[in-house]
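Colleague: Residue strings, one per chain:
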Amino acid sequence: MVKVENRPVLDSLALRFLKVNFRRYILAIISIVLTTLLFTTLFTGALSMFLTKLEADKKAYLTTSHATIQQLSQEEADRAKNVLSSCDFVTRFGADQLVGIASDSRFPFLLEFHYADTAAAENRLAFPTEGRLPEAGNEIAVSTQVLDALGISHTLGNELTVMVQHGADSTLTEEMFSLCGFWEGDASDVFQWGWVSGEYALDTLSAKHDFGDQSKEDASFGSWTFSIWYDNVFKIREYSQMLGSLTGLETSGRTGDGFRPNPAYLIAFDFGEGSISLLSVVLLALLILLAGYLIIYNIFNISVKNDIRTYGLLKNVGTTGKQLKSVVRRQALALCAIGIPIGLPYGYAVGLALAPAVSTTLEDTDASFTVVTSAHPLIFVTAALFALFTVYLSSLQACRIVRKLSPVEALRMADADDCPRVFGHCLFASAWGMAVQNIIRNRRQGIVVVLSVMLSLATLYYVSIATGNMDFQEFAGIYLDAGDFQLDKLTFSADTDYDYRRAISPDMQDALNSCLYSQSTGYVYLAEASMPMNDHIRTIFENITAEHLSKWSGGAKQTWETARASNLLPVHYLGITRAVFDKLTWLDEACSWEEFCSGGHALVRRPNRYLKEGETYFQNGESFEVQFDDGASRTYTMLGEVSMPYSLGYPYAYLTGIEVLVPAKEYIRCTGDSFAMKALIDAIPGQEERVGKYLDDTILSKDSTIKVTSVLKLKETYDNYVNRYYMIGGLLSLVLAFIGIMNFFNTTATTVLSRKKELALLEATGMTGRQLRWMLTAEGCMYLGCALAGALALTFGYCGYTFHLSVSVLAGRIMLPGLATLPILLLTAWGIPCRQFQKMRQESLADRLRE
Amino acid sequence: MTILETRELKKIYGKGDTAVHALDGISLTVEKGEFVAVVGTSGSGKSTLLHMMGGLDVPSSGNVTVDGQPLEKMTADELTIFRRRNIGFVFQAYNLVPMLTVRENIILPIRLDGRKPQQDYLKEIVHVLGIDDHLLDRLPGTLSGGQQQRVAIARAILTKPAVLLADEPTGNLDSRTSQDVLGLLKETQKQFHQTVVMITHNEEIAQLSDRILHLEDGRIISGQTAGGEHYGKG
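Chains as they are written, first to last, in numbering that gives the first Met the number 0: chain A, 0 to 850; chain B, 0 to 233.
Read the hints as simulated data drawn from the structure, not as lab findings. Errors might be hidden in some of the hints.
[Claimed, not checked] Here are the simulated BS3-like pairs of lysine-lysine, each with C-alpha atoms no more than 27 angstroms apart in a straight line: (1) Lys321(A) <-> Lys72(B); (2) Lys403(A) <-> Lys14(B); (3) Lys756(A) <-> Lys838(A); (4) Lys115(B) <-> Lys18(A).
Here the structure is a predicted model, which means the values were calculated and not measured.
Work the whole structure out from these sequences, hints included.
Modeller: Spelled out as C-alpha cells, the structure:
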C-alpha cells in the first residue's frame, strides 16, 4: 500500500469536528483542565512533602551533603582529599577540622570551633550570609544565636570572648575573636558552629596535639570531616562504598564504617518510611486518572456517536478506519493542547497553597519545620503526560468505534430512527418504567455516570470515616503521656556543660506551684549515683551486656568495663513528687504515696527491653545500697517495680544501669540539689489556655531554653493534621463531584436531545410536560441512587475491612456527609434533566416531530 | 471494455427459515462509458447491489470486479483506498460532510489520498455541473437539495473514477431539479466518458440511461439497452 501524505486534510477534519462540537467539547476541556490540575496538585504536593521531609531530616542530621566521613587523622584526610579530587562521580566536597569546643554557661547549645572551607560550611547549613568565612588570624564566623547568647550585636568586626577547650584535658583558655561573618541561626539547633581561620587552627592545634598518636583520647580535636556531593542521589550508598574502597578508609571515621551516606537521603528514598508514601501517591494518581477517564471517555463516546453519520460519510468517500481514528485522536490532542496548559499553572498554584497542609505530619509537634516547594519541570512534564495518557485512554473506545465503522452501517445509522427496545409492558406503562427502559438502553453511558458520581461520594465518605477514626487522646498519649503540660530543657547531649538534669530551678518550681489554674503539678529529679552489684545483679548485667552491648557505642562499653572493674553499677537516682507518683504504672501490687514516703523505701523502674520475662533486679522487701558522688550512701528497701511515662524519664536509652525512684524530699536531702529535670502540670479541665498563658508569662519569658510540650500546641498540631485530611479529601471529593455532575449533565443532555422525537411522540400522544419531567427526573434519581448505593457499598466494604468498624459506627460517621450530599443529589437529579427538557421544549412539538 | 462485473452475487441476511435473500445470484457486466440504470421496487435489492458493486458491503458469495480488480481480495483499508480512487458515489441524501465547505467536500477524496486536485479539471467540473463560484466556500447546509446533489456529483467524479454509482440521486428532489441532476449525470457521462450505474425506482428516469436492468427479489428479471435490445429473461 502506498503511504500518502494526508496529514493536512486530517488536521483540517479534526479541526472542523472540534468547531462543530465545540460546545460539547467545552466539558471535555474543563475535564482535561481539572484532570491536569489534580495531577499537577498531586505531584506538587508530593514533591513538597518529599523535599520538606528531606530538608527537615538534613537539618536534623546536621548535614546537607550526600555523604560524610568524620574524625579522620591528617594522613587519612590527605588520602581522602587525593581520591575525592580525582573521582568523576564526586561533584563537590568540603573539609573541616575540629579546633575546639566552647565552654560557656550562657550557651544553651554546643558550640564547636572548626576550620572549614565553603562547601563544609554549607554542608552544616552555616554559611555566612553577612560577611565571609575567616581568612586569617583570630577571625570567626558564628550564627546569630551565638551572638545573641553572648549579648553581642550583629555587626561585623565586633569582638567575641569565649572560653575554649582545645583538648580532652578539659583545660580552658580564654580566646578573643573578631567577627568576620554571621548567619541567621535557628534556636532549635542544639549544635552551633564557629568557623575559624586555617592560621588559627594550625597555631592552636600544633601547640596542643601530636596527631600521629590516634590512640589518644582527644583524637577528635584536630580531626577532619569531609562532606561529599555525588552526581547521582540514587547512588549515594554505592558511591560511598566505592569511596571507601578507593581511599582504603572502609573502617575509618567516627563510627568505623568509612564514608556514611546522609541518613536524610536514605530515608527520603526509602518510600513509605518517610512522610511520603509512594503507594498513596500512586493510588491518588489512579483515582484522578479514573475520574478523568470516566468523563472524557463519555464525552468522546457521545460525540463520536452523535457524529457517526459524518464519520460514515467520510468512510464512504474513502477515508480509511486508520484515518478516522487519527481524526478522533487529533481532536483529543487539540483538546489537550487547550486544557493541559490551563490546568498546569492552576494545579501548581493549588499545590503551593496546599503544601503547608500536606507537609504537616504528626511528628511535627514543634511546628517549626520549613515547607519546601519546587517548580521542577518534572512536575509539569509528569502531570502533562499523565493528563495526556488519561485522554488517550479515554479516546480509545471512540477511536475503535470509528475505526470499525462499516460504510453500510454508517449509512443505515444515518437513516434509521432511534427505536427503543421494549422490555415488557409493565415497565413501559409508567414514568418509572420508561425511565428504567431508557437507562437499560443507555446502560453503558449510565454505568460511566454512576461510577463517576460514586467515586466522589465514596471519597467523601472515606474521608469522613478516616478522620473520625483519628483519636486525639491516642495521639496525645504518644507525645504527651504524662500531663497536659510537660516542661524540660532543650537537650542535645548527656555530657556537656549545659545540664539538662537541672532544668527547673526552685524559683521556677515555686512559680509553677503558684499557678491557680493547675490541678496538680509534679517534678522529676535526676542525679547520677551508683550501687554495689550483688551476684544476682551482676549476672543480670553480664547477660544484658553480652546480648546487647555489641550494638552500642564505645561509651557504653567503657561504662560497663568500669562498672565491672569497680563492681559499682551506675544508677539513675530519680526523685519524684506526688503528681508523678500518681502517673506510675505498677507491675505488681501498688503501694500508697504515704508508704512510699515513710522512709527508706524505693521503687525500681523496669526496663522492658532488656530484662527477660519474670526476671527482676530486686524482690519486694529486698534491700540495696545507693552510693552518691560525695561518697555518702543510703540503703533502700525495694517497694515495687514500676514503669513511668516515657516523657518523664531519662530521655536516652540506658543499658548499663538501674533507675531507682525515691520521694522528691528524700532525693533533695540526699543530693542537696533541688533542681528538677522535668515538670508536669495537669490543668483544671477547661483552664488549659490559662495555664498556657501563665507558663508563657512566668517561665518562657524568663528562660527561653525551657521546652514546653503542651496539650494546646499538640491539639493545634493534631487539628492541622486532621484538617489536612479534610482539606485534601474535601477538595478531591469536590473536584470528583464536579466531574461526576458534569458527566451526569452531559449524559442527560445527550439522551434528552437524542430522544427529542421520541419525547415529542409521547407528548403528542397525551403525556403532559409534568409527566415527562417526572420521567426524566426518575431517570436521574435512578442514576444517582445507583451511585449512592455503590458508594455506600464500597465505603462500608472497604472501611469496614480496613478500620474494623461495625456497620452502625460506619453509618454514624457518614451520617453528616450523607445528609449533606442528599439534597445536592436530588437537586441534580431533578434540575439538570428538567432544564434540558425545558430547552428542548422551546421548539414546537411539530418541529420536534418532524426531526 | 468491461469496467464492472459481478458474478453470481448473493447477499443473504439471517439464517435458516428466516434467511432473506437480498441478492440472489446476480451476474452482470458494465462497459466503460456506459450509463446503466437499475430499476426495482422497494426491497428488490437494488441498493444492496449498489453497495456490493461499490465495495461498501461484502457479498455472502460471488464476486465483484471493478476495472479488473477483484474486490473480495482486498482488506477493509485497501478497499477504502480503492473506493476513493476508483468509485464515485452519489447518494439520495447527498451525504456531504456538513462541516466542510463545498470546495472542501469536492476535493476531499483527492486530499485524503494525499494528492492535490488539478485546478483546471476542478474548474471544468464545477462549470459543467453549474456550481456557482460563490457557492464553493459555503457549507452544504446552506445549499438547496439540487445544489447539494451537484456538489455530490462533482465530488464523485473529480477523482476520475472507473465507475460512478448513483443511489436514487433524485429521490429527495423535486421534478424540475431532478431533471437537471439527471441531465448533469448524462452530461458527465458524455463529457468525461464516465461510466454511470444509477439505482432508481422510477422507470421514467431510467429511460435516460443506455441500458435498464430490472431487479426483483434480488434477481435481474429483465434488461435492455437504451436501443431496445432485451437482456436476460423476457
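Colleague: A separate judgement is required for each hint: does it hold in the structure or not?
Modeller: We went through each hint and held it up to the structure:
1. Lys321(A) <-> Lys72(B): Given pair Lys321(A), Lys72(B) holds - Cα atoms ~19 angstroms apart, limit 27 angstroms.
2. Lys403(A) <-> Lys14(B): holds, 24 angstroms
3. Lys756(A) <-> Lys838(A): holds, 14 angstroms
4. Lys115(B) <-> Lys18(A): holds, 24 angstroms
Hint violations for this structure: none, all hints satisfied.
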